[in-house]
Structures are given as structure tokens and as C-alpha cells.
Amino acid sequence: MTKSLLRTDKEIAELYARHINTVYRVCYAYMRNPSDTEDAVQDTFIRLIDRAPAFESEDHEKAWLIRTASNVCRNVLKHWWRKRVPIEQFYDLSVEEPTPETDVLQAVMQLPDKYKTAVFLYYYEGYTGAEIATILKKPQSTIRNHLHEARMILRERLGDTFDEEL
Amino acid sequence: MKNYKIIAAWNTVDPDGSADARMLSAILRAHSSSQNRKSIRYAKIKKNIILVAACLTLLAIVSIVGFHRSRIEGNKELLEQESEASGAVIHEGAPVNDTEVKLTVPFVNEEIDAAFGHLFPTEIAEGYILSEEGIELYSDSPDALHAEYRTLIAVYDIKEMDDTLLIEVSPSGFLSNVAYGTVLYGDPQIDGTRSSMIYYENEGITILYRFAKTDIAAMDTASAKRFYAMIRSANCFAFNSADPGYEGNDEPVDRIP
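These protein sequence lines map, in sequence, to chains A and B.
The first sequence begins at 1 in our numbering and counts up by one.
The second sequence begins at 1 in our numbering and counts up by one.
Note that these hints are calculated values from the structure, not bench results.
The structure presented is a predicted model; accordingly, all values stated were derived computationally and were not measured.
Careful: at least some of the hints might be erroneous.
[To be verified] Counterexamples of contact, computed for chain A against chain B with all Cβ distances above 12 Å:
#1 ALA54
#2 ALA63
#3 GLN140
[As the list claims (entries may be wrong)] Result set (EDC-like, lysine to aspartate or glutamate): computed pairs, CA atoms no more than 20 Å apart in a straight line:
#4 B:LYS38 / A:GLU11
#5 B:LYS38 / A:GLU125
#6 A:LYS138 / A:ASP113
#7 B:LYS44 / A:ASP50
#8 A:LYS10 / B:GLU73
#9 B:LYS38 / A:ASP50
#10 A:LYS138 / A:GLU125
#11 A:LYS62 / B:ASP162
[What the hints assert, rightly or not] Here chain B is said to cover these stretches of chain A; the calculated rule only asks that three of the stretch's residues, wherever they fall, bring their Cβ under 8 Å from a Cβ of chain B:
#12 19-25
#13 67-79
#14 119-132
Idealized CB from N, CA, C, for every residue including glycine.
Hey, can you work out the whole structure from these sequences and the hints?
Laid out in C-alpha cells, this is it:
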């Protein structure tokens with residue numbers, strides 16, 4: 001585990017390899033196209049380089065990256081030129097072809113932004129509601145509510161195909 | 001809780017190989033430039049720290065020199081005040097601990113000894129040798145002491161008595177309006193002490209003894225013995241019955257009347 005504040009290129013590359021998939025998916029959940037996702041991923045790792053935080057463990061490192069990626073994406077989406085058109089319309093007007101998505105992924109991606117990260121962290125990364133609340137620095141009740149709302153929407157959209165398994 | 005359909009759906013979201021390489025190289029480039037920026041920043045900080053440290057050192061040196069000078073000035077002022085009180089002027093380079101004065105003190109003693117005999121205390125432990133401006137204090141000739149309006153002043157720091165004794169040698173007539181052998185007192189000081197003095201004359205020379213705070217008339221027995229032994233040792237003065245403390249046998253008196 002890297003605790004040093006000054007990382008070498010090798011350490012950065014290793015850290016990138018450890019977390020790229022998670023960071024990419026969090027960013028994709030917001031950006032929904034590969035180009036913007038790439039930019040957001042780069043910005044996330046560059047923040048890590050600039051701020052050089054010291055991590056206690058790999059879990060801490062991962063949580064920091066998820067939260068930072070989420071903040072980076074929200075900042076991009078909040079930017080004025082993004083605000084000129086509704087986000088949904090923006091996606092539709094995108095010149096780039098979006099990544100082909102399965103019905104399930106499409107249904108997840110169409111969830112409001114605030115639900116998507118929680119769904120990804122809960123269902124894919126396996127975090128608990130409490131852990132997600134810690135990572136995203138939101139109240140646990142809010143996360144529970146987001147997950148509940150997301151489940152309702154997904155059930156409505158996917159019908160019987162959205163089955164939860166223990 | 002897991003939902004395998006969601007997991008499978010998310011698994012399809014991955015950066016492809018070229019995107020992966022692009023992102024990693026962009027991140028490493030940013031890392032490299034960040035390190036450069038940081039090293040430049042550290043260099044600047046280091047430079048500033050060195051500059052500040054140099055300034056502080058300079059300031060400290062100036063302060064120390066200034067403090068030292070002010071102490072010397074303070075000492076001079078003290079001497080000036082003391083000499084003004086006794087009508088004398090500080091002789092340049094007066095501190096006994098200075099090389100120049102150390103060399104000349106024994107010579108001054110010789111001069112005093114030649115004219116007046118052995119003076120108490122026998123050694124000048126601490127203190128200053130002062131002189132009237134223009135006096136040839138270190139002259140080979142004792143005639144210098146007889147020159148009109150010239151005064152030789154020696155100040156002794158007497159540790160045993162926690163006091164300062166000033167001995168002033170001057171031409172006769174300097175204190176002509178006061179009967180010699182009379183104890184005279186200075187004005188009371190802020191701390192309640194006052195100086196006391198007594199003088200004797202002979203063959204055109206006056207010798208005056210002044211304590212900064214000891215009352216000559218109320219001196220303890222041991223000190224009075226030593227004090228009058230010293231006065232008598234100035235062999236150009238002949239004691240007579242009119243002198244206070246003189247008992248006619250040249251032995252030390254126990255107390256001044």
C-alpha cells in the first residue's frame with residue numbers, strides 16, 4: 001500500500017491499473033459517452049496526483065477515487081455549457097455513438113444521476129448502504145432512499161427481468 | 001445483495017485497450033509535469049527560506065552589536081554621571097579590564113605610593129581610574145600632581161563593604177572653606193543612601209576620601225581601623241590631635257567620634 005505522498009510513475013501506473021475499471025464505470029454512469037468518460041477519468045487521477053493524499057488502505061484509496069470521480073463528473077455536468085440544454089437532450093444530441101448498452105444497463109443509465117452511483121456501488125461494487133453513505137458523504141437515510149427509488153424505477157422499467165438474488 | 005444482471009450489464013462498460021493506453025499516458029504526463037511544478041515550487045520555497053534565514057541572521061548580528069554598543073555607552077554614561085558628581089572627567093579607555101588600563105594601574109599606584117605612601121586597598125580589584133581632563137596621570141614626574149587645578153581621582157570598588165571609595169588628590173585650597181577632618185555628606189539619593197567624605201591637607205596637597213553610601217562617622221570598627229590605617233599610610237600627612245579618630249599613637253582608631 002502506497003502511503004508516500006510523492007509517488008513514482010510506476011506507483012501511479014499500478015494505482016491506475018487497480019482502480020481504472022471502477023473509476024471508468026463511475027464516470028460512465030454520469031457521462032454516458034466514452035470521450036467525456038475518458039476526460040473525467042483523467043481528471044480524477046490528475047487530482048490524485050496534484051493533491052497527493054496519503055491512504056490508509058486500498059479500500060480507502062478506492063473510496064477516495066469513487067468520490068472524486070463522482071465530484072469531477074458532477075462539476076462537468078454543472079458547467080454552464082452543459083446547462084444550456086437538459087442533460088437528457090445533451091445525450092441525444094451527442095455526435096459520438098454511445099456505447100451499445102444492454103436493456104439493463106440502459107435502464108440503469110436512464111436513472112437520475114443521484115441514483116446511478118448508488119446503484120453501481122451497491123449492486124456492482126458490493127458496498128453496503130452505510131459504506132456508500134461514507135464514500136459519498138451523504139446521510140445513510142438518503143442513500144437508502146436513493147436505492148429504494150432506483151429499485152422501484154428499475155422494476156417498473158425492466159419488469160420481471162429485474163430480479164434480485166441474494 | 002447482488003443482482004447478477006446489473007453486474008453483467010456493468011461488466012460491459014470497460015475502457016478499450018487504446019482508451020486505456022491514452023488515459024494512462026495522459027495521466028503519467030500530468031504526473032511528470034506536476035513533479036516539475038512541485039520541484040520548481042520547492043526550489044522557490046527553499047530559496048525564500050534561505051533568504052529569510054539570511055535576513056534573520058543579519059538582524060541578529062546587528063541587534064547583538066547594537067546591544068553591545070548600548071551597554072558600552074551605558075557604562076560611559078554611568079561613569080560620566082559619577083565623574084560629574086565628583087567634578088572629574090572620564091579618562092578615555094577607563095575600564096580596568098581593558099588592556100591599556102591594566103598596564104597603567106600599577107604605575108598609578110606607584111605614583112600614589114611615592115607621594116602619599118601605601119593606600120587602602122592595596123590592589124585595585126575592580127573599578128575605574130578617572131582623571132581631570134589634561135592631567136598627566138601616567139607621568140613619571142610627581143610634579144604633575146602639584147599642578148594647579150589638576151586633580152587625580154581613583155575610584156575603588158570595595159567588595160567587603162559593598163561600596164565605592166573615591167580618593168581625590170588635588171592642590172590645596174580646593175576645599176579651603178571646609179575644615180579638614182570634618183565629615184561631609186552629599187544629598188540623599190533615591191534609595192535613601194548618601195555619600196560621606198573627609199579630607200586632609202598638607203604641603204599644598206589635599207586628599208579627599210568619599211564613600212558612595214557608607215557613613216564615615218558611623219563605620220563599623222573593622223572598616224574604621226582599615227580606613228584610618230590607610231589615611232595614615234599616606235605619609236605626607238601628619239596626624240595631629242585635631243584629626244578625628246587620632247589618638248596620638250598612630251594606631252588605628254576604633255570609631256570616628
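Against the structure, the hints:
Residue placement check: ALA54 of chain A keeps its beta carbon more than 12 Å from all beta carbons of chain B (closest about 16 Å). The beta carbon of ALA63 of chain A sits about 18 Å from the closest Cβ of chain B, which is more than 12 Å, so the claim that it is off the interface holds. Even its closest Cβ contact with chain B, about 16 Å, leaves GLN140 of chain A beyond 12 Å, as expected for a residue assigned away from the interface. At most 20 Å may separate the alpha-carbon atoms for a hinted pair to count; LYS38 of chain B and GLU11 of chain A meet this at roughly 18 Å.
Among the hinted pairs, LYS38 of chain B with GLU125 of chain A is inconsistent with the structure: their alpha-carbon atoms are about 35 Å apart, more than 20 Å. Restraint check for LYS138 of chain A and ASP113 of chain A: the C-alpha separation of about 15 Å stays at or below 20 Å, so the hint holds. For the proposed pair LYS44 of chain B and ASP50 of chain A, the alpha carbon gap of about 18 Å is at most 20 Å, so the pair holds. Under the criterion of a C-alpha separation no larger than 20 Å, the hint pairing LYS10 of chain A with GLU73 of chain B is inconsistent with the structure, at around 67 Å.
Using a Cα cut-off of 20 Å, the hinted pair LYS38 of chain B and ASP50 of chain A holds, with the two alpha carbons roughly 9 Å apart. Restraint check for LYS138 of chain A and GLU125 of chain A: the C-alpha separation of about 18 Å stays at or below 20 Å, so the hint holds. With a CA separation close to 80 Å, the supplied pair LYS62 of chain A and ASP162 of chain B exceeds the 20 Å bound. Counting residues of the region 19-25 of chain A whose beta-carbon sits less than 8 Å from any beta-carbon of chain B gives 4, enough to reach three: the coverage restraint holds.
Closer than 8 Å: that is the beta-carbon criterion, and the region 67-79 of chain A has 0 residues meeting it against chain B, so the requirement of 3 is violated. Residues of the region 119-132 of chain A with a Cβ under 8 Å from some Cβ of chain B number 6, which satisfies the need for three, so the listed coverage holds.
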